[in-house]
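Colleague: Residue numbers (our numbering), protein chains in the order written: chain Z, 1 to 325; chain P, 1001 to 1637; chain U, 2001 to 2200.
These are computed hints drawn from the structure, not numbers from a lab.
Check each hint, because a few of them may be wrong.
[What the hints assert, rightly or not] Here are the simulated lysine-lysine pairs, DSSO-like style, with alpha carbons at most 30 Å apart:
id	chain 1	residue 1	chain 2	residue 2
1	Z	K177	Z	K115
2	Z	K246	Z	K72
3	U	K2002	P	K1025
4	U	K2095	P	K1630
5	P	K1031	P	K1630
6	Z	K72	Z	K115
7	P	K1025	Z	K115
8	Z	K146	Z	K177
9	P	K1031	U	K2002
10	P	K1364	Z	K72
11	Z	K115	Z	K246
12	Z	K72	P	K1360
13	Z	K325	Z	K146
14	Z	K246	Z	K325
15	P	K1025	P	K1630
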Amino acid sequence: MFSASLLVFLTGCSGNQSALNTHGHSADALRDLIILITVVCTVVWLMVVGFLLWALARRREVPRRDSDTERKMALSIRLAIAATILTVAGLTIASFYTTRDLNSSNGASLTVRVKAQQWWWQFAYQASDQEPPFLTANELHIPVNKDVRLELEALDVIHSLWIPSLAGKLDMIPGRKNIITIRATRPGIYRGQCAEFCGLQHSHMAFVVVVEEGAAYQRWVAAQAAPAVEPAMAEASAGKAVFMSKPCAACHTIRGTSATGTSGPDLTHVASRRTIGAGLLETTRGSLAAWIADPQTLKPGNNMPLVPLTSDELRQISAYMEELK
Amino acid sequence: MTRDQGARVPLDVDISDAELERQLKETWSSKPGLWGAISTVDHKVVAGRYIATAFVFLILGGLLAMAMRLQLSQPEARFINPDRYNQIFTMHGSTMMFLFAVPVMEAMAAYLVPLMVGTRNIAFPRLNAFSYWIFLFGGILLWVAFALDTAPDVGWFAYVPLAGPQYAPGKRADLWAQMITFTEVAALAVAVEIAVTVFKQRAPGMSLDRIPVLVWAMLVMSFLVIMAMPAIMFSSTTLILDRLVGTHFYNPAEGGDALLWQHLFWFFGHPEVYIIFLPAVGMVSTILPAFVGRPLFGYMLLVMALITTGVLSFGLWVHHMFTVGLPRVGESFFTASSMSIAVPAGIQIFCWLATLWAGKPVYKTPLLFILGFIVTFVMGGMTGVMVASVPFDTQVHDTYFVVAHFHYVLIGGAVFPLIAAVYYWFPKMTGRMMSERLGRWSFWLIFCGFHLTFFPMHILGLWGMPRRIYTYQPELPWTSLNLFVSLSALVLAGGFLVFFVNAIRSRRNGLPAGSNPWGAATLEWATSSPPPPYNFRRIPVVSSLDPLTPGENELPVVAGLRTDRRELLVTSVVEALPQARESSTTDSVWPFWAAVATSVMLVWSIFTPWAVVWGSIPVAITLIGWFWPKGSPEDES
Amino acid sequence: MKDRIVLDASALPMHGMGAASPTWWATCAFMLIEGSGFALALAVYLYLMSLAPSWPMEAPPPDLWAGTWLTLMLIASVVPNVLVSRWAHRRDLRKVQVGLVVMTMLGIIPLVLRAFEFTKLHIRWDDNAYGSIVWMLLGLHTTHILTDVVDTVVLACLMFSRHADNTRRYGDVQDNCMYWNFVVVAWLPLYGCIYGLARL
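So here's chain Z without its partners, still in its complex pose (with noise of 0.2 Å):
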C-alpha cells in the first residue's frame, strides 16, 4: 500500500522525460522490469537490514564459539548463499525475456534518420509517396501506435539518445550505425535529451517528441515537406534580404531561398517548432531575438557564431524566422 502510493508519487512528479512515467511500448516493459527488481532488492535489503538489527539486538552475556553455534551458522550461511544464488538467476531470466519483449518490433512503417551533433539533432526525415524528404530539428514528430525505426548516427563525438518517457536510451557513435525502434502509445509531448557527456553544451542538448493521431501526423508531414513560405510582412521580407545577406545563409537552409547551409539546423519551418537551441527556449519571436543576438550568453560555447547586427536588422530577422511556421 505504502510502496504502490509511493510509486504513484514518484511517478506523478516525474514529468514528461521520466523512465517511470511512461507512455511507450518499451519504456512501459523496462518500467515493468524496474518495479519488479526494486520491489525484489527492497525486500532483500530490508531482510538484511533486519537480521542485522536484530543480531545486535539479541541479549547475550558472552560472544558465542562453541561448536554448536558454529555448525548452526554454517547451515544458515548456506541457505543465504543458495537464496543468493536463486535471487540472482532469477532476475538475470527476468531482465532476458524483457530484453526479448524490447525487440518483438513488426516491420517499422516509418524510418527517421538522427544525426547527433555538437550540440543539437537533426531528423531527416525520407520522401513518401506524397512528399519530399526534410529535415528538422530538435523535434522529432511521430505517429501513435506504430514503430518507427530510428537510424543513429554521430557526426562529431559520441552522443546518446534518450527519451525516457517511450524507450531506454541507445548511443550514438562516429564511425558506427546504431538502430532503436520506439512505438508511442499515447499521443502527447515528450522530451528527450543527449545521456552521454558531449562537451560544453551537452546540458543543453535536448529535444521533443511529439506523438500525434495519424492524421494530425500526416499534416504536419506536408507543412514539413512543404518549401518555406514568402514573408508576408515587409518587416519580414527585409529581415530575408538581412538573413541572406550575412553569413546566416552560409550555415542554415531555409528551402526555397537561396540559403543552403548546412551545418546549422534547417530553419525552412523554424518557427513551427516547440523550441530552440536544443530545447533551451520556448519558441517566441521574442526567443528567437535573444538567441540571435547574443548565442553565446544563452547557450555559451555553441557553435552559433554572434553575427553583428543592428537593432533594426535584429528586428527584421525576427520577424523573418516567426513568420517560418
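Mind docking chains P and U on chain Z? Use the hints.
Modeller: Chains P and U alone, transformed into the frame defined by chain Z:
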C-alpha cells in the same frame, strides 16, 4: 663477504632487550633533517605520507563536489561556467579515483601489511619511496593544471573522440592521460611490493591459512592492479600518441575505433572498483572481531569470496557499455556475469552478519562505521544488481541513478570502512586514541548526510536527469530535489570536517593508546604504538590464525638476526618456513631523484615524443645510482 | 610483551637464490605486468583486424627477412643466455663476465635488425590504424630489448667491479637471464601476428 665472517658480527642473542633495541634503532632509523626525510625508506613513514597526501586529495575532491552542488542547487544557475564545470567534474572523478581511493588503499596496505605479517620493512623499500614521490608529483601536476585553468575537461573516463586530437585541442586531455601514467606507475610499484612482502616476508609459521583476511585482501588487490593497470597504461599512452604523433587507434576514419577506448578503459575500470573495495572487505573483516569479542566467522569462505571477486571482476567490463549497441549474445553473457558477482559479495555480508550475531558488540566508533557500511553497501549492491540488467540499465545508464549507485558502493562500501580503519589503526600509527565523542558525531553526520545526499539521486535519475550536466532548465521537475541534495551535502561535509578535526587534534592531545588498545589478535598489535623503525624487536613466530591471545604476556619469536645491518627473514610461500636472513635496503636519496627524472620525462613527453629518448637518459642514470652497490653490510651475502 | 625465543635463524644464509629471493619474485611480477601489456596489445591488434574490411589496411604485408632474422637471432640467443644463468648459479665469475659481454652483443644485434624491420613494414604509424598498431607492437617490444640490453651492460660493468663476487650479483645475473628469456618468448606471438596474420 661470506658467512664465515657472520660469526663475528653482532647478533640479537644474549643481549638485554634495551641494548637490542638501541642497536636496532641505530641501524634502522633515518637520519634527521631534510635529506633524512627525503631519503627515508621506512614503510611506515612513506605510507604515512601517502595516507596524509591521499586525504588531502580527498578534501580537494570534496571541495569540488561542493562546488558542483552549489551550481546544481538551482536551475540555470550561473555560479560556475560550463567550461569550469566540466573541469571540476573531471577533476573530482580523477582526483577521487586516482589520487585518493586507489592510493589510500595501497598506502594502508604499505603501512599495515608488513606489520601484520610480522616483518621489519616492506619488500623493496626504495621502490616504495619512489612510488610515493611519483604519486605526489602526478597529483601536483594535475592540480597545478587546474589552478592554471588548463585542467582536463573530458571526464575521468576521457572517451574518444571527445578527448581525441580533433575535439580536445590544447594539452588538457594530455595532462589527464599523463597523470594516469604517474598514478599507475606508483600503484604498480606498491602492488609488486605488497605481493612480494606477502609471498616472501611472512613471519615463520604464518602459512597460507594463517594469513589475516586484510592481508589476503591486499594481496588480491595487488594482483588486480598488476593485471588491470596495463590496460589503462596502454590506453592513455595510445591516446597521447593519437594526439601527439597522429596515430589512428581511435579514429574511425582511418580504421580505428571509438569503442576500442571504452573496452580498454573499462577492462581496467571495472577491476578498479574492486581494487578499492577489496581492501575495504579486508578492513571490515579485521576490525569486526575486535568489537564483537569473537573471531571472524567463515575465514575460508571469505578468502575464497575475495579471490572469486577478483577473478570475476575481469569479466564485467562490458556492463559499463550496455548502451553502445552490442550484440545481444554479449549482453546476456555480461548480464549474467555482472549479476553473479552478487554471490561472493553476499557471502561476505553473510559472514559478517553471522559474526555479529554470535558476538557481543561493543559500540565504539569503528564498529559504528562498519554497521553503517553494511546498511549502505547492501543498498549499493542492490542498485548494482539493477544496473547489471541490460534492459534496466538502458534507462538509468549515465543518469543520476548511477551517480547514486556508485557513491553508495564507493563511499558506503569503501570510505566507511576506511574511516573505521583510521579510527581503529590511528592508535597504532600515532600512539594516541581518537576522541570517541567526536567519533560518534562524525559517524552520525556522515551517515545521515550521506543518505540524505545520495538517496534522492536515485529518484532524480529515474526522473530523467542525466549525469555530467552543468545545469538544467527550470521547467524540469528536478529543482527541489536538487536543492535538497545540495543542502544535505553540507551535512555530509560537516561530518568529514569533524573527522579531520578529530584526527588532527588527537594526534597531539589524544589519550595514550598502549600497544593493544582494542585487545585485537593480529601481529601489528604486538609491537609498541607507534611501532619503532624496525617494527619488531625480534620477528614473531606464528602458530595460529590469531597470533595474539588476550592475557598472554609472551610472544614466540625468532632470534639469530644481525643488528648491524637491516636484516629480516625470508620465508617460503606456502608454509612460511624460514629460507634466508635477507637484508633490507638502506635509506637513499636516489629514489627521489629517479622520481624527479621520471616526472620530467613524462611531463616533457606531452609536448614532444623526443622527450622519451632524451628524458630516459637521466632516468637511467638515477636508476644506476639507485641500484649500484655501496659496499654496505646490506650488500653482504 | 616479552620475547620467548623459539627459533634460531643464525644459521640461515644471508641471501636466498632463485625462488628464495624477493628480487626473483619481483622480476616475475614485472614480467606479469608486461606480459599483460603485450597480451592487451595483441588483443587490440586482433580487435582492429576484426573490424577492418581488409587486412593489412591499404598496405602489403611486411617483408619477412628482417623480422625473421631477428626472430632467429633471438631464439639462438637463448642458448648462451641459459649458459650464463647456469654459470651464475655455479658462481663462476670468469665465465659470467664473458657471458655478459656476449649477451650484450646478442642484445645489440637485434636492435640493429629491428631498425631495418621498421622500414620493411611498408606503412607508417600515422597512415592508418593498422600502421599504428604494428608500430606500437614493434615499439613496445623494442623498448623491452633496449631496457634489457642496458641492464645487461650495467650488470657486465658490475661484474668487472669489486662488487662482483657476491651471491646477490649472481642472483641479479640469473634474474636478468630470466627476463631476457621473457623478452624472447614475448616476441614469438608478436612475430606470428605481425608477419603471419597479415598474410592470411
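Colleague: Between the alpha carbons of K1025 (chain P) and K115 (chain Z), is the straight-line distance 30 Å or under?
Modeller: violated, 70 Å
Colleague: Regarding the pair K1364 (chain P) and K72 (chain Z), is the alpha-carbon distance no greater than 30 Å?
Modeller: Since the Cα atoms of K1364 (chain P) and K72 (chain Z) sit roughly 28 Å apart, the hinted pair holds (cutoff 30 Å).
Colleague: Given the hint that K2002 (chain U) pairs with K1025 (chain P), test it: the Cα-Cα distance must not exceed 30 Å.
Modeller: holds, 18 Å
Colleague: K72 (chain Z) and K1360 (chain P): Cα distance at most 30 Å?
Modeller: Holds, at about 17 Å.
Colleague: Starting from K1031 (chain P), check that the Cα of K2002 (chain U) is at most 30 Å away, please.
Modeller: Holds, at about 29 Å.
Colleague: Taken at face value, is the distance from the CA of K115 (chain Z) to the CA of K72 (chain Z) at most 30 Å?
Modeller: The given pair, whose Cα atoms are some 61 Å apart, is violated under the 30 Å limit.
Colleague: Between K325 (chain Z) and K146 (chain Z), is the straight-line Cα distance small enough, at 30 Å or below?
Modeller: holds, 26 Å
Colleague: Within a Cα-Cα threshold of 30 Å, do K246 (chain Z) and K72 (chain Z) meet the stated pairing?
Modeller: Not OK: K246 (chain Z) and K72 (chain Z) at ~84 Å, beyond 30 Å, violated.
Colleague: Hey, K246 (chain Z) versus K325 (chain Z), does the alpha-carbon distance stay inside 30 Å?
Modeller: holds, 22 Å
Colleague: So if I understand the rule, the pair passes when the alpha-carbon distance is 30 Å or less; does K177 (chain Z) with K115 (chain Z) pass?
Modeller: holds, 10 Å
Colleague: With the threshold set at 30 Å, check whether the alpha-carbon distance from K1025 (chain P) to K1630 (chain P) stays at or below it.
Modeller: holds, 21 Å
Colleague: Quick one, are K2095 (chain U) and K1630 (chain P) close enough, alpha carbons at most 30 Å?
Modeller: Holds, because 24 Å separates the two Cα atoms, which is no more than 30 Å.
Violated hints, in rising order: 2, 6, 7; the structure is consistent with all others.
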